[in-house]
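Going line by line, the protein sequences match chains F and V. Each residue of the first sequence is one higher than the one before, counting from 1 in the working numbering. Each residue of the second sequence is one higher than the one before, counting from 1 in the working numbering.
Bear in mind the hints are in silico, worked out from the structure with no lab data behind them. Here the structure is a predicted model, which means the values were calculated and not measured. All C-beta atoms, glycine included, are put in the ideal place defined by N, C-alpha and C. There's no promise every hint is true.
Label-pair restraints from in silico Cβ distances [as the list claims (entries may be wrong)]:
(1) V:A201 / F:R311: 34 to 44 Å
(2) F:P278 / V:A25: 33 to 43 Å
(3) V:A25 / F:A204: 37 to 47 Å
Residues of chain F clear of chain V, computed beta-carbon distances all greater than 10 Å [unchecked claim]:
(4) D22
(5) H27
(6) A48
(7) P86
(8) S104
(9) A185
(10) E271
(11) G294
(12) R296
(13) L319
Derived, one-sided and incomplete: chain F residues facing chain V with beta-carbon distance under 10 Å [what the hints assert, rightly or not]:
(14) L125
(15) P126
(16) S149
There are 2 protein chains.
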Amino acid sequence: MNTLKIFSDLPLGASALALLTDGVAPHELILPARPAVSVLAASGPDPAFAGADIAFGQPAVDAVLQSPRLRWLQLASAGFTRFDTPEFRAAAARRRWLVTNSSSVYAGPCAEQVFAFMLAQARQLPLTLASRCANGSDQWNQLRNQCSSLAHQNVILLGFGAIGRRLVELLRPFEMDITAFRRSARGDEGVAVVTPGQLPAALAAADHVVNILPDNAESRLFFNADRFAACKPGAVFYNIGRGATVDQPALLAALQSGRLAAAWLDVTDPEPLPPDHPLVSAPNCHLTPHTAGGHRNEAESLVRHFLANFRRFLVDAPLRDRIM
Amino acid sequence: MNTLKIFSDLPLGASALALLTDGVAPHELILPARPAVSVLAASGPDPAFAGADIAFGQPAVDAVLQSPRLRWLQLASAGFTRFDTPEFRAAAARRRWLVTNSSSVYAGPCAEQVFAFMLAQARQLPLTLASRCANGSDQWNQLRNQCSSLAHQNVILLGFGAIGRRLVELLRPFEMDITAFRRSARGDEGVAVVTPGQLPAALAAADHVVNILPDNAESRLFFNADRFAACKPGAVFYNIGRGATVDQPALLAALQSGRLAAAWLDVTDPEPLPPDHPLVSAPNCHLTPHTAGGHRNEAESLVRHFLANFRRFLVDAPLRDRIM
Numbered sequence: 001m002n003t004l005k006i007f008s009d010l011p012l013g014a015s016a017l018a019l020l021t022d023g024v025a026p027h028e029l030i031l032p033a034r035p036a037v038s039v040l041a042a043s044g045p046d047p048a049f050a051g052a053d054i055a056f057g058q059p060a061v062d063a064v065l066q067s068p069r070l071r072w073l074q075l076a077s078a079g080f081t082r083f084d085t086p087e088f089r090a091a092a093a094r095r096r097w098l099v100t101n102s103s104s105v106y107a108g109p110c111a112e113q114v115f116a117f118m119l120a121q122a123r124q125l126p127l128t129l130a131s132r133c134a135n136g137s138d139q140w141n142q143l144r145n146q147c148s149s150l151a152h153q154n155v156i157l158l159g160f161g162a163i164g165r166r167l168v169e170l171l172r173p174f175e176m177d178i179t180a181f182r183r184s185a186r187g188d189e190g191v192a193v194v195t196p197g198q199l200p201a202a203l204a205a206a207d208h209v210v211n212i213l214p215d216n217a218e219s220r221l222f223f224n225a226d227r228f229a230a231c232k233p234g235a236v237f238y239n240i241g242r243g244a245t246v247d248q249p250a251l252l253a254a255l256q257s258g259r260l261a262a263a264w265l266d267v268t269d270p271e272p273l274p275p276d277h278p279l280v281s282a283p284n285c286h287l288t289p290h291t292a293g294g295h296r297n298e299a300e301s302l303v304r305h306f307l308a309n310f311r312r313f314l315v316d317a318p319l320r321d322r323i324m
Numbered sequence: 001m002n003t004l005k006i007f008s009d010l011p012l013g014a015s016a017l018a019l020l021t022d023g024v025a026p027h028e029l030i031l032p033a034r035p036a037v038s039v040l041a042a043s044g045p046d047p048a049f050a051g052a053d054i055a056f057g058q059p060a061v062d063a064v065l066q067s068p069r070l071r072w073l074q075l076a077s078a079g080f081t082r083f084d085t086p087e088f089r090a091a092a093a094r095r096r097w098l099v100t101n102s103s104s105v106y107a108g109p110c111a112e113q114v115f116a117f118m119l120a121q122a123r124q125l126p127l128t129l130a131s132r133c134a135n136g137s138d139q140w141n142q143l144r145n146q147c148s149s150l151a152h153q154n155v156i157l158l159g160f161g162a163i164g165r166r167l168v169e170l171l172r173p174f175e176m177d178i179t180a181f182r183r184s185a186r187g188d189e190g191v192a193v194v195t196p197g198q199l200p201a202a203l204a205a206a207d208h209v210v211n212i213l214p215d216n217a218e219s220r221l222f223f224n225a226d227r228f229a230a231c232k233p234g235a236v237f238y239n240i241g242r243g244a245t246v247d248q249p250a251l252l253a254a255l256q257s258g259r260l261a262a263a264w265l266d267v268t269d270p271e272p273l274p275p276d277h278p279l280v281s282a283p284n285c286h287l288t289p290h291t292a293g294g295h296r297n298e299a300e301s302l303v304r305h306f307l308a309n310f311r312r313f314l315v316d317a318p319l320r321d322r323i324m
C-alpha cells in the first residue's frame, strides 16, 4: 500500500488533532515545527512541507509553488487572497493541483453574523441596549420610531458564493427584494442578478448593501466615493468580506454626511483598526474583530470538512468547495 | 343614515389623525380632552367616552364597563392585561362586546426583536462589538469559540399567539428543534406542543427559552426558581412578553450561578428597572426598554389595522385579532 503524506499547519487543539490523525490513518499526518498563528494567517516555511502529497491549512504560497509532490491543497479559510493571482492559478492548472477552501464551514456562521447585524440595525440594538428610558417618554417614542422591520425591504449582496446563498435562505421569510451583484449571471442564483453596468441603479434602490466581496486585484477599493455616492440616502452598509475592498476614508465621509445611516464591519484594513482611527469613534460605525466565521468547535468543523473531502479524494470523487 | 361615534384616545400625530378621520368618515371621530400617554398606557376617564359606539386605543376598564352604547373595543396593543379578568370577560360576553387587539401590527416587529436577540447572543455581539482584539490573539480565539450558530439548536416558545407563529416562520431556515408551550394543543401549531406536565422535560432540552406569555393571574411569576432550575445549563432566556411573568430575583440567581448563560429582556417589572437594580448591572443580562413592538410609522400602522377592521365591522364580517 502507498500511504499518502498529509501536511497540516493548523493550530489544532488535542481533540481536533486526534480527530485528524485518526481520520487520515493509515495515511500519515506531518506537522510543522511551528503551526500557523490562526486559521486565517499564513504559516512560515517548513522543510516538512516538501514531503507532502496533500496540504491542509494555511501554507505559504512559495512553499506550495516549490513543492515537488503536492496534489491537493485545502485551505482552512473561505478567503484565499494570497492564492488568487494569475501566477498561482497558472501553476495550479499546469501542475493539476486540486485547490479547495473551507467555505462550507464558514458560510453558515458568516451569513448569521451579517443577518445579526441587519436585525440589530433594524431593532436599533446599539441604542436600545444602552437606554433605560421610560415608557411614553419623548426618548422612548423616538427610539420606537427609529426601529424598523426587515420585511419587504431591498437588499443587494455583492459577491454571491456560499455565504450569499445561505443569507438568501435566511432572509426568505422577510419577503425582501434581493439582488445579487456578480460579474456575470449564471442563471442558478435564485435571485435577480445585476452585472457591473446595472450596479449604480441597484445601489440607488437598496436599503441594505451587503459586501461579501473577496479581496483580489479587481475588488480592491471597490467601494469608493463614487459607489457610496450611488447608494440610497439612509442605506446601511455591511462588510463581511475583506477590509481591503473598501475605501475607508470614503466610507467615513458617507457615514458623516448621513448618506449612509450606519455601517457594520466585521473586517477592516488593517485589523484591528488603530484605536484613534475615525471609524472606531464614529457613532454609526459598528465594528466586530473578524469574528464572523467563528463558532464553537471550529477546529473540529474544519477537520471534519477536510476528512469528508479526503474520503472523496481517495476514490477520485469531485471535491467540495473546489476553487481551482 | 345612522352615523357611528368612534372614540380614540391614542396620541396620534397629524398624519395618523388625518388617516383615521378620513378613514371613518362620514362616521364621527370623538377625541378626548387628553389622549393616552402612549400606545401602551391606559388613558384617564373622559366624559366623551359615554357617547361612543366604538373605542380604539387604551380606554380605562371602568369607562368601558360603564359605557351605555359600546359595541366594539379595539385595543392599540398586543397585551391586554387590564382587560384579561373574569369580571371583564363576563361583562363583554353579557353585553356582546366585540373586543380586538393590535397583534397583527406588533407580531412582526416583536418576533424580529427576539430573533435579533437570539442572533446577537449566537454571534456574541455585546462582547464582539466592544472588542478590538487582534486576529490570532488568545482573546480572539476565545471570542470566536464563544460564537455559535442557531442551526439545529433547540428552542421552546412559551405562549403561542401571533408573535410565536411569526417567530416560527423566521426560524425555519435554521432547522431548529422548536417546541411551543400552551395550556392545551389545538393541533394547528405546526410545531411540537407541550402542555404543563411536559414542561420540565422540554425546558431541560432547550438551548433557547423564549417567554412570550401575556400577563394575567395564571402567568404571574410563571418563571420562578423551580422553572429556572429545570432549564438546561447554559440556556439563554428571552422575555418579549410581560415583566410580571418573571420572578426577577430567581432570574438574577440563575444568571449569577451560570445556570443561564444570558438573559435578553425587553420587558421588566417595573419598567424601567431602577438604575441600581442588580439585573441592570449583571454582565450577562441585556435590557431594551420595551421597544420590541416599535417601528417607523407605528401610529399609521395601528390606524390602518383599525380601519381594516372598521370596514369589516360595518358589514358584520369577522374582525381580525379578536380576543373576546
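These are the hints, each one checked on the structure:
1. V:A201 / F:R311: 34 to 44 Å: Check passed, 38 Å falls within 34 to 44 Å.
2. F:P278 / V:A25: 33 to 43 Å: violated (53 Å)
3. V:A25 / F:A204: 37 to 47 Å: Once the Cβ atoms are compared, 38 Å apart, the range 37 to 47 Å for A204 of chain F and A25 of chain V holds.
4. D22: Nearest chain V Cβ is 22 Å from D22 of chain F, so the label holds.
5. H27: holds (28 Å)
6. A48: holds (22 Å)
7. P86: About 27 Å separates P86 of chain F from the closest Cβ of chain V, which puts it past 10 Å; holds.
8. S104: holds (13 Å)
9. A185: Label holds. Min Cβ-Cβ 24 Å, cutoff 10 Å.
10. E271: violated (6 Å)
11. G294: Label violated. Min Cβ-Cβ 3 Å, cutoff 10 Å.
12. R296: Its Cβ does come within 10 Å of chain V, the nearest being 5 Å, so this is violated.
13. L319: Consistent with the label, L319 of chain F stays out of reach of chain V, its closest Cβ about 23 Å off (over 10 Å).
14. L125: Hint holds; L125 of chain F Cβ to chain V Cβ min 6 Å, cut 10 Å.
15. P126: This interface hint holds because 7 Å falls under the 10 Å limit.
16. S149: Holds: closest Cβ of chain V sits about 5 Å from S149 of chain F, inside 10 Å.
Of the numbered hints listed earlier, those contradicted by the structure are 2, 10, 11 and 12.
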